[in-house]
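This is what each chain is made of:
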Amino acid sequence: MASHNGSAPAPAESPPPVDSVREFVKQGLDSEDERIDVGVVIVGGGTAGLACANRLLQLLGDDSELMESLGEVPVAIIEKAKTCGGHNLSGAVMRPGPLQELFPDMTREDWRKERFAFGEVKKEAVYMLPNGKAKLRIPTPPPFKNHGNEVISVSSLARYQQRMAEEGGAYVLTETSATQLIVEDGRVLGVRSGDKGRGKDGEPLSNFEPGTDIGAKVTVLAEGCWGHLTGAAIKEFGLAENREPQVWELGVKELWKVPKPLDRVIHTIGPWPLRVASKYGQIGGTWLYPMKDEKSGDDLVSIGFVIDLDYRDATTSAHDLLQLFKTHPFVKEILDGGERVGWGAKALPGGGYWSMPKLTMPGALLVGDSAGMVDTVSLKGVHHCIKSGFLSAEAIYKSLKGGESLESYEQAVENSSIGKELYQVRNTRQPFSKGFIQGAPVVNLAIATKGKIPGGRLEWHRNDEEPMFIGDTRERYPKPDGKYIFDKLSSVYISGNATRDDAPNHIRVQKEVPREIAETWEWMCPAGVYEIPDDAPESGPVDVIVNYTNCVQCGAITAKGGRLTPPEGGDGPLYTLT
Amino acid sequence: MADVLTYVLHYEGAFNKNSLGAVSEGAARASEIGGECHAVVVGGDDLSDELCQSLGAYGATKVFRAKGAEGLAQPVVDVMAKVVDEHGHNYALFGGGLLGFEIGAGLAARMHAGVTMEVTGVRAEDGKLVAERPILQDSKISVSRYQGDLGIIIGRINAFEIQERDGGSAEVVDVDVEYSDWSNKAKMVQRGEQRGADVDIEGADILVAGGRGLGKAENFKLAEELAGAFGGNSAVAATRAVVDAGWYPYAAQIGQTGKTVAPKLYLAAGISGAIQHKVGMQTSENIVAINKDAGAPIFEFSDLGIVGDLNKILPKLTEAIKTKKGG
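Which chain is which? The protein sequence lines are W and P, in order. Just so you know, we're using the working numbering here: the first sequence kicks off at 31 and counts up by one. Just so you know, we're using the working numbering here: the second sequence kicks off at 995 and counts up by one.
Here chain P stands alone, though its shape is the one from the complex:
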């Protein structure tokens, strides 16, 4: 039997998406090696029984709840170290993001455990978990196997898909932790998002992305109108070239040096599709490209390609979607 422990971050009564992905992944893999998936939560009174129990829906059977500072790494390291010590978990799994990296690294140092970061896949092999991590600019996959009692797996952001299962409600176990001296030295002063987080690019189901082919900054309104017509969970994204040119904010940048996204629909308007952009969106479920250059590389990995003038196509598309939604 081998159990998997995950950390779940929360904010204002809601769990972080990456964390829920980690729980889902942990539950799926734990079941393959005959174990269970447990979660650690650290925070104040907002961690109600009900909220903690709800992690059962993603496959966690037990939730270890500790009172402590939320959103800081060291207190969580203390909690997780104690839980692992007492319950003998074999793996600790994190959903990615800077906090997960820091906690995972801290736990590895504390427990003398092996750690793999930026993991994109986990699988069971001979009753053990194996982590897969892209290397060399994502051109190859390296495989990490763990020795020792504890293996730490830190996912790449959004690598693990959220899966709701009929796990019912998780058992909540309160943990009393004596924090290390240094753990409470840092205080959360302010919670902020980096550079204009008003657009939730990573969480959008539909992205309308604009490139230099839009011609000028003002034409981004065509993309915005289209995203608006889709409504719901849709947003506008951009390429590095147009962000560099000052047409759109950096927060919306997709690609090697921007964000990595995987929406249900990625509509690329006037984007040539250089590899630097492709690596940020290639796992999108459906890719639709509009470009006036039939030879643009983006057509090689699009599900649907339209060769034509954006200034004509985008407004028509917007109209068509409005009509369909209205009717």
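Extracted from the complex, chain W is given alone in its bound form:
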């Protein structure tokens, strides 16, 4: 751990003040007249949770007897955003198969009319960027082949899925967070919704509404990256035994309305704007996707930057690196004359196959990003989310119908495209821990051999064990001009973020930490949540200011020594086309 610098502190040395099992697992369900009973409760209305709801309701729609046996609310979805999709953000280029399987009567034209799909990928290019001026086209590596895939918005897709779920008979509780997993005798019995209307110090305000126990026959944890209850469930049920620790990446994205359409999907694989030397530990890439909005006729471009949270330079800022990327002449040409219409940030699980926890426990299962189903080599996860939701619904249906255990879902995932695709790329990320130059050939080998070489299982360490130093990456960031280059706060503003000023702080971090850790948080956070006071000492412990109402709930802090917990339902961003 201290191999780079004997005195450099790692975030893990300042762990967040949190005990997730004790705080987030509730033993026993409230009595019948104090709780709400539903058939199946799904925590999180993203693409995975809603795919589960969509498929389950299709199955229940053909089985009215079972539907009725589930009571007044056969399927409930709990979503902390103002609407499903409000907290969803992805690139996103999606492999179409699983969504076609979920909605077989819809054509891709229909998708576009519903305004969650924005065109089929016809052309693509991958560039290496040796510096901020030049670019070098390279043959498209197999994982980047996107021909025939669809550019989508997960935020819009979730809105559409919500509508379908409601038409199918689901009850969607928006602006509601699930704060505790209810367990009794080793079985998950439901979840408890969060309190509303508490003040800064947790005191009930005049509009205080306590949370409620929601009892369910089956609980689906579809919380996305850094699931609050998923984390507690993994600990409570030992789901991550013999697995590698989960590791994470952070993506920051902007949407631009452009005067001339982009004709291809573009990825760049660095090294610019990152530092190539291994002491910085920076691995990341960018994307530029064309989006044609068929409803408005607008030409849009999705541009984003994603970085592995294993980096070591505390001054690494995904938001500012995206701004830096935009100064490259070839990007300027694409966005020239355009206008930024959206911004957002989200962390994603990057561990892949070896980091996936066991997916089931008595009474509950994990789907989508909660279970870490992202292929970070090809930058894809949406199709896995939908597929896992679909498969989970079938397992739940069988379990409700015939009393079978939910465990059949594990095998179904393993045998499906999810298991197969993630297995192929299982060893492609670890070599990068040696740096881009040393790591890249091994990765190429792994990709070329479809994962056969290197074989076995490559291990890694937790992101927060990486010692941090205060480097000079910050010196490269361009100065915001409010027109083309943006600061963090104006970006948070257009994310539609609204968090009550007198709500309790939902971010758990130590308030007094070494300067290196404080700098790490301040630079990393895309929303400007962490601030070091002007009069703080240059070294030694620093009192961090936490502006938690800026938080867009990306979750990156969990990788670097903090913990995001769900704030009051309804808080946070309101993403639309991200």
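These are computed hints drawn from the structure, not numbers from a lab. All values reported here derive from a predicted model rather than from experimental measurement. Just to be clear, a hint being listed does not mean it is correct.
[Unchecked claim] Computed list of lysine to aspartate or glutamate pairs in EDC-like fashion (alpha-carbon distance at most 16 Å, straight line): (1) Lys247/W with Asp67/W; (2) Lys428/W with Glu440/W; (3) Lys1258/P with Asp1194/P; (4) Lys513/W with Glu1294/P; (5) Lys1210/P with Asp565/W; (6) Lys509/W with Asp1287/P; (7) Lys1319/P with Glu1219/P; (8) Lys247/W with Asp60/W; (9) Lys1134/P with Glu369/W; (10) Lys325/W with Glu144/W; (11) Lys1210/P with Asp564/W; (12) Lys1258/P with Asp1297/P; (13) Lys325/W with Asp140/W; (14) Lys1286/P with Asp564/W; (15) Lys56/W with Asp243/W; (16) Lys1134/P with Glu1112/P; (17) Lys1210/P with Asp573/W; (18) Lys112/W with Glu205/W; (19) Lys541/W with Asp517/W; (20) Lys541/W with Glu505/W; (21) Lys431/W with Glu98/W; (22) Lys509/W with Glu1294/P; (23) Lys1122/P with Asp997/P; (24) Lys325/W with Glu139/W; (25) Lys1061/P with Asp1170/P; (26) Lys1253/P with Asp1199/P; (27) Lys1253/P with Asp532/W; (28) Lys1286/P with Asp565/W; (29) Lys1253/P with Asp531/W.
Once you've looked at the hints, dock chain P against the given chain W.
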């Protein structure tokens, strides 16, 4: 001919500023579409003839006065519904605030009328009124046109400027209303202002606003002294950061999650000018910023910018203003 009906709230013999703004706006727009602006007032004996007539100064030609509970929404809905029914007004206009929102919404439901809330501008187009409403975090304006007999326009707070005109005195018409069962079920128990209303930030002509650049809570006294020197209708405001830090009360917070103000002079002391703050004060007539960081965004929308040390500049400014006032 198309008439506009507004509701005017009063308290202790004085009319609410937002309501007077609505009357002014209603009168100006009604004249453009060949109509008149009327007002509804609901209350007790404190609604003297003289007080009601004085609404003429803002352009109301008629004032419909009803006896009833003041400050509650449902009785006013009953009164307005009756007045609209009998006189055929085409628009109902509200100055904003929670009561206006509630009455407007109630009236819309009662009369099956179209309603637009948070309106910041009204204009006449082909003899009809059109409401403009900012959307998408105020980045775009959407335009609402009305169908049907009645259109309801609810302004954003302080959106409509008060304009005195030489309208003389308004005709007072007493209205007898049979209130709905539910309308008198709610009673006014207590009138209170939310969270420390001792400072009237929204009504001040001069605001001295402090941000984190003040350095510490105690330095707010520099801002208070300056506001004191200005005297008259001036007050101290604050940014979210300093309210969060506990340096100043929430009631004084300006910005996206605080108050929206438009004083004649906004003096920003140690405020960087993030968009979240800007949206709460950008329509101020004159913006003066003092900040030690020449690159602070606030200088991009200030009329006058001073780069320097607040601890030195604020006391000197206070002295200078005292001297000028004294001399």
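CA of lysine 247/W to CA of aspartate 67/W, is that 16 Å or under?
Holds, at roughly 9 Å.
Pair hint outcome, lysine 1210/P versus aspartate 565/W [Cα-Cα no greater than 16 Å]:
Answer holds: lysine 1210/P to aspartate 565/W is near 11 Å, not above 16 Å.
Agreement of lysine 1061/P and aspartate 1170/P with the hint, judged by alpha carbon distance not exceeding 16 Å
Holds - the C-alpha atoms of aspartate 1170/P and lysine 1061/P are around 8 Å apart, at most 16 Å.
What's the verdict on lysine 1258/P and aspartate 1297/P, does the C-alpha distance respect the 16 Å limit or exceed it?
Holds - the C-alpha atoms of aspartate 1297/P and lysine 1258/P are around 12 Å apart, at most 16 Å.
Given the hinted pair lysine 1253/P and aspartate 532/W, is their alpha-carbon gap at most 16 Å?
holds, 15 Å
Has the given pair, lysine 431/W with glutamate 98/W, been kept, meaning a C-alpha gap of at most 16 Å?
holds, 12 Å
Do the alpha carbons of lysine 509/W and glutamate 1294/P lie within 16 Å of each other, as the hint requires?
Given that 16 Å is the threshold and the Cα spacing comes to 14 Å, the pair holds.
Given hint aspartate 997/P paired with lysine 1122/P - CA-CA distance at most 16 Å
holds, 10 Å
Does aspartate 564/W sit within 16 Å of lysine 1286/P, going by the straight-line distance between their CA atoms?
holds, 12 Å
For a C-alpha distance cap of 16 Å, please report whether lysine 541/W and aspartate 517/W respect it.
Since the Cα atoms of lysine 541/W and aspartate 517/W sit roughly 25 Å apart, the hinted pair is violated (cutoff 16 Å).
Holds or violated: are the alpha carbons of lysine 1319/P and glutamate 1219/P at most 16 Å from each other?
At roughly 14 Å apart (the allowed maximum being 16 Å), glutamate 1219/P and lysine 1319/P satisfy the hint.
With the threshold set at 16 Å, check whether the alpha-carbon distance from lysine 1253/P to aspartate 1199/P stays at or below it.
Holds, because 15 Å separates the two Cα atoms, which is no more than 16 Å.
Consistency with the previously given hints fails for numbers 19 and 20, ordered from lowest to highest.
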